[in-house]
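J.: Residue-level listing of the chains:
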Amino acid sequence: MAVELKMPALSPTMEEGTLAKWLVKEGDTVAPGDILAEIETDKATMEFEAIDEGTVGKIMVAEGTENVPVGTVIAMLSGDDDDSAAAPPPVEDVAGEGKDVGREPSQAEVTKPVRAEPRADPEIPHGTNMATVTVREALRDGMAEEMRRDERVFVMGEEVAEYQGAYKVTQGLLDEFGPKRVIDTPITEYGFAGIGTGAAMGGLRPIVEFMTFNFAMQAIDHIINSAAKTNYMSGGQMRCPIVFRGPNGAASRVGAQHSQNYGPWYASVPGLIVIAPYDSSDAKGLMKAAIRCDDPVVFLENELVYGRSFELPELDDHVLPIGKARIMREGSDVTIVSYSIGVGLSLEAAEELAEQGIEAEVIDLRTLRPLDKQAVLDSLAKTNRVIVAEEGWPTCSIASEIVALCMEEGFDHLDAPVLRVCNEDVPLPYAANLEKLALLDTARIVAAAKKVCYAE
Amino acid sequence: MAKPARTRKAAAKPNTAQADPDFVLHSLQAAHEKSRRYDASDEELMGFYEQMLLIRRFEEKAGQLYGLGLIGGFCHLYIGQEAVAVGLQSALAEGKDSVITGYRDHGHMLAYGIDPNVIMAELTGRQAGISKGKGGSMHMFSTEHKFYGGHGIVGAQVALGGGLALAHKYNEDGGLCLAYFGDGAANQGQVYETFNMAALWNLPIVFVIENNGYAMGTAVKRSSAETEFYRRGTAFRIPGMDVNGMDVLEVRAAAELAFAHVRAGNGPVLMELNTYRYRGHSMSDPAKYRSREEVQEQRDHNDPIERLKKELIERGKSEDDIKAIDKAIRARVAQSADFAETSPEPEPAELYTDVLVGSY
Ligand SMILES: Cc1ncc(C[n+]2csc(CCOP(=O)(O)OP(=O)(O)O)c2C)c(N)n1
Ligand SMILES: [Mg+2]
Numbered sequence: 001m002a003v004e005l006k007m008p009a010l011s012p013t014m015e016e017g018t019l020a021k022w023l024v025k026e027g028d029t030v031a032p033g034d035i036l037a038e039i040e041t042d043k044a045t046m047e048f049e050a051i052d053e054g055t056v057g058k059i060m061v062a063e064g065t066e067n068v069p070v071g072t073v074i075a076m077l078s079g080d081d082d083d084s085a086a087a088p089p090p091v092e093d094v095a096g097e098g099k100d101v102g103r104e105p106s107q108a109e110v111t112k113p114v115r116a117e118p119r120a121d122p123e124i125p126h127g128t129n130m131a132t133v134t135v136r137e138a139l140r141d142g143m144a145e146e147m148r149r150d151e152r153v154f155v156m157g158e159e160v161a162e163y164q165g166a167y168k169v170t171q172g173l174l175d176e177f178g179p180k181r182v183i184d185t186p187i188t189e190y191g192f193a194g195i196g197t198g199a200a201m202g203g204l205r206p207i208v209e210f211m212t213f214n215f216a217m218q219a220i221d222h223i224i225n226s227a228a229k230t231n232y233m234s235g236g237q238m239r240c241p242i243v244f245r246g247p248n249g250a251a252s253r254v255g256a257q258h259s260q261n262y263g264p265w266y267a268s269v270p271g272l273i274v275i276a277p278y279d280s281s282d283a284k285g286l287m288k289a290a291i292r293c294d295d296p297v298v299f300l301e302n303e304l305v306y307g308r309s310f311e312l313p314e315l316d317d318h319v320l321p322i323g324k325a326r327i328m329r330e331g332s333d334v335t336i337v338s339y340s341i342g343v344g345l346s347l348e349a350a351e352e353l354a355e356q357g358i359e360a361e362v363i364d365l366r367t368l369r370p371l372d373k374q375a376v377l378d379s380l381a382k383t384n385r386v387i388v389a390e391e392g393w394p395t396c397s398i399a400s401e402i403v404a405l406c407m408e409e410g411f412d413h414l415d416a417p418v419l420r421v422c423n424e425d426v427p428l429p430y431a432a433n434l435e436k437l438a439l440l441d442t443a444r445i446v447a448a449a450k451k452v453c454y455a456e
Numbered sequence: 457m458a459k460p461a462r463t464r465k466a467a468a469k470p471n472t473a474q475a476d477p478d479f480v481l482h483s484l485q486a487a488h489e490k491s492r493r494y495d496a497s498d499e500e501l502m503g504f505y506e507q508m509l510l511i512r513r514f515e516e517k518a519g520q521l522y523g524l525g526l527i528g529g530f531c532h533l534y535i536g537q538e539a540v541a542v543g544l545q546s547a548l549a550e551g552k553d554s555v556i557t558g559y560r561d562h563g564h565m566l567a568y569g570i571d572p573n574v575i576m577a578e579l580t581g582r583q584a585g586i587s588k589g590k591g592g593s594m595h596m597f598s599t600e601h602k603f604y605g606g607h608g609i610v611g612a613q614v615a616l617g618g619g620l621a622l623a624h625k626y627n628e629d630g631g632l633c634l635a636y637f638g639d640g641a642a643n644q645g646q647v648y649e650t651f652n653m654a655a656l657w658n659l660p661i662v663f664v665i666e667n668n669g670y671a672m673g674t675a676v677k678r679s680s681a682e683t684e685f686y687r688r689g690t691a692f693r694i695p696g697m698d699v700n701g702m703d704v705l706e707v708r709a710a711a712e713l714a715f716a717h718v719r720a721g722n723g724p725v726l727m728e729l730n731t732y733r734y735r736g737h738s739m740s741d742p743a744k745y746r747s748r749e750e751v752q753e754q755r756d757h758n759d760p761i762e763r764l765k766k767e768l769i770e771r772g773k774s775e776d777d778i779k780a781i782d783k784a785i786r787a788r789v790a791q792s793a794d795f796a797e798t799s800p801e802p803e804p805a806e807l808y809t810d811v812l813v814g815s816y
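Chains A and B supply the protein sequences, listed in that same order. Heads up, the first sequence is in our numbering, so the first residue is 1 and it goes up one at a time. Heads up, the second sequence is in our numbering, so the first residue is 457 and it goes up one at a time.
Only chain A is shown next, with the shape it has when bound in the complex:
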């Protein structure tokens, strides 16, 4: 029986890839384990192995083809009890069986450029040329520029050097800076977070990468007890200028232990700076600021945003202020406060609301601690209505914090209760349908905005 060879999914977030190279040709016999083709994703080039033995029939997708969706039939393989290698009629079904089962298109690979709205950051002169850059590259460039500028800056973490980063954020750093400054550690989060913290106390400027922030739970003792409290306990004598960074929040179907937003956790700790950027410009500008900062910084990235492209001003030294929110979209009817991946969803929601005659103002907090209270209160005074969109649990969240802020300091301006729009209050389930139900989405943001506008 002939077997269809389909474009494989090679990572949790892969939707399509490039068929870089065929290593077999029609008529070749193959055994399990033989390499059939090389497939390129945005993260890496991977080898595609034969699982069954047989003869390669028709090759349906030529090498060099880009954007081949997962599940597309790329070649036929006739089994060993098959006497002809003749190809059956080409299969048109691009999605392929099973493609739709349990897999919703994720936003991970969305790379179409998103135009940055006019912004008030004074550091960017008008007329600056804009490049289109992924968040992943922006973070890397931010680190590389600071490493060039300051000899004391170094990067350590699991797979940051030779593997080029588990999510490729440190790609190329080893080549440029060598193993002294780009250091692969064993899987010992508690140990290397402690070594990093000690190095910062000793005058260096470490960037400690956690493969994801889920694993920093192992090291949270050093982040909070060692790094955050040092300055205070020593009466200002002992500094701890360190950056703890890595992806945070839900990725795609990686289950409860690998999908959590730690923003509210760290943002509750005095002595820490907590940054959670959304786009490329903020990722780079705030990364550079974090590295220069004399306080310990927790820098929360998002895997699903790494591959997205945004405009980034081409400046020699693009450093942004810590603790300043950014108005992503102006509006007069309701304020949507968000950060990280929630900003993209909020901007989409604002477009939908505009079609229904509601003008939403979208605020990206960018820094979670210290919080830019004034930006929120100014917007509240203008729209009189606030909702908070957060990819994370509602309880003890940043959203809860904004609600408290509005109650305590903006009560007189409120025309409606402040609403939290968050994930469901459950550990993140693995099943595709449940995961979708659990996570923040545009529809929920739109519904909440209409509710506070009494537009139901």
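Treat the hints with care, as some may be off.
With a cut-off of at most 25 Å between alpha-carbon atoms, the simulated BS3-like pairs for lysine-lysine come out as follows [unchecked claim]:
no., chain 1, residue 1, chain 2, residue 2
1, B, 490, B, 783
2, B, 783, B, 766
3, A, 436, A, 373
4, A, 451, A, 373
5, B, 744, A, 168
6, B, 744, B, 765
7, B, 625, B, 552
8, A, 382, A, 436
9, A, 373, A, 450
10, A, 180, B, 783
11, A, 168, A, 180
12, B, 744, A, 180
13, A, 25, B, 744
14, A, 451, A, 436
15, A, 168, B, 552
16, B, 765, B, 779
17, A, 450, A, 436
18, B, 744, A, 21
Sample of chain A residues with no beta-carbon within 12 Å of chain B, all distances over it, derived [what the hints assert, rightly or not]:
no., residue
19, 21
20, 43
21, 126
22, 158
23, 205
24, 455
Quick caveat, the hints were computed from the structure, so don't treat them as lab data. Everything numeric in this text was worked out from a predicted model, so none of it was measured. Even for Gly, the Cβ is constructed at its ideal location relative to N, Cα and C.
Based on these hints, arrange chain B with the ligands on the given structure of chain A.
T.: Then chain B with the ligands, alone, in the frame of chain A:
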């Protein structure tokens, strides 16, 4: 993967426990070296073969389903390491002893004889899965078999295993805990915190380091100062054993020695099982950190299933008998894949269940 035998420092080697205060640290290894392979009956041999082949075919199918998008997230395959779980678990006292491991857990479940359907259905995230589709590849449990998962944080299962062993001792149920972890996990601090407490409290636990040579893309020698992992319990006075994990009979023989030692109330044992993973760390591994030749070498000359197949033929099994087994296992695995593909996703209401046991 054989290593030189442990060399002793003492010039004149004493031969009684009284005269040699370190006797306990090397006595198990010495006994193991005296008689390395388990003397299996024909029936047992066949059983090992079937179990290992089931794991191999199951994992290959899981790899295929991942490629088709039916399995999502992280999916770590056990291909190449089959002899470890099969050899060790065959020596357990069923219903008494407990097992815990990391995210590379499909093989350990199958070695228990747990229905492949419910494992595969968990991989596809369906209601019929062993965790109702809410755990996925890395988080599977069967308390019925005293299998405690299925953990995603590298090293965490070692400390949890210490807790399971504490419960065995506390309840005086005569059971022991088998706690598996990787060569990479062996560098986690909490592993040593657990070693200390397990030895101090004489807990019935067998620590099993599955040394497959790599932690993701990091070869053992790039992450570990002491690469002879079986020696790592020495500081806590935990005896070590250095075992060829590519030979199910050697694994089984070593398991018997270790388990007997623990059951006799002597406290923990640390076993290093030298093995090899053929596939990438997970499905999304570009595998640039090792050569194809290295993998091929293991497949061609050290494969645990081929080794046993040869042995079966030497004992008079015919090629046809073996083909028939292979066919039956393929059919069983294909059936589990069909089941996993066609059974329904969890009900939306499942989102809210199992968060808490009581209602408050
Ligand atoms: C605390 C923690 N750090 C990092 C990871 C990411 N990670 C998952 S598996 C793995 C490699 C582990 O290798 P090893 O212990 O040798 O086990 P193997 O995968 O070879 O079975 C890493 C780094 C994790 N899951 N948990
Ligand atoms: Mg390993």
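J.: Does each hint fit the structure? Answer for all of them.
T.: Hint by hint, here is what the structure shows:
no.: 1; hint: B:490 - B:783; result: violated, 38 Å
no.: 2; hint: B:783 - B:766; result: holds, 18 Å
no.: 3; hint: A:436 - A:373; result: violated, 31 Å
no.: 4; hint: A:451 - A:373; result: holds, 24 Å
no.: 5; hint: B:744 - A:168; result: holds, 14 Å
no.: 6; hint: B:744 - B:765; result: violated, 31 Å
no.: 7; hint: B:625 - B:552; result: holds, 12 Å
no.: 8; hint: A:382 - A:436; result: violated, 34 Å
no.: 9; hint: A:373 - A:450; result: holds, 24 Å
no.: 10; hint: A:180 - B:783; result: violated, 54 Å
no.: 11; hint: A:168 - A:180; result: holds, 19 Å
no.: 12; hint: B:744 - A:180; result: holds, 22 Å
no.: 13; hint: A:25 - B:744; result: holds, 24 Å
no.: 14; hint: A:451 - A:436; result: holds, 22 Å
no.: 15; hint: A:168 - B:552; result: violated, 45 Å
no.: 16; hint: B:765 - B:779; result: holds, 11 Å
no.: 17; hint: A:450 - A:436; result: holds, 22 Å
no.: 18; hint: B:744 - A:21; result: holds, 17 Å
no.: 19; hint: 21; result: holds, 14 Å
no.: 20; hint: 43; result: violated, 8 Å
no.: 21; hint: 126; result: holds, 43 Å
no.: 22; hint: 158; result: violated, 8 Å
no.: 23; hint: 205; result: holds, 25 Å
no.: 24; hint: 455; result: holds, 27 Å
Going down the numbered hints, you'll see the structure goes against 1, 3, 6, 8, 10, 15, 20, 22, while the others check out.
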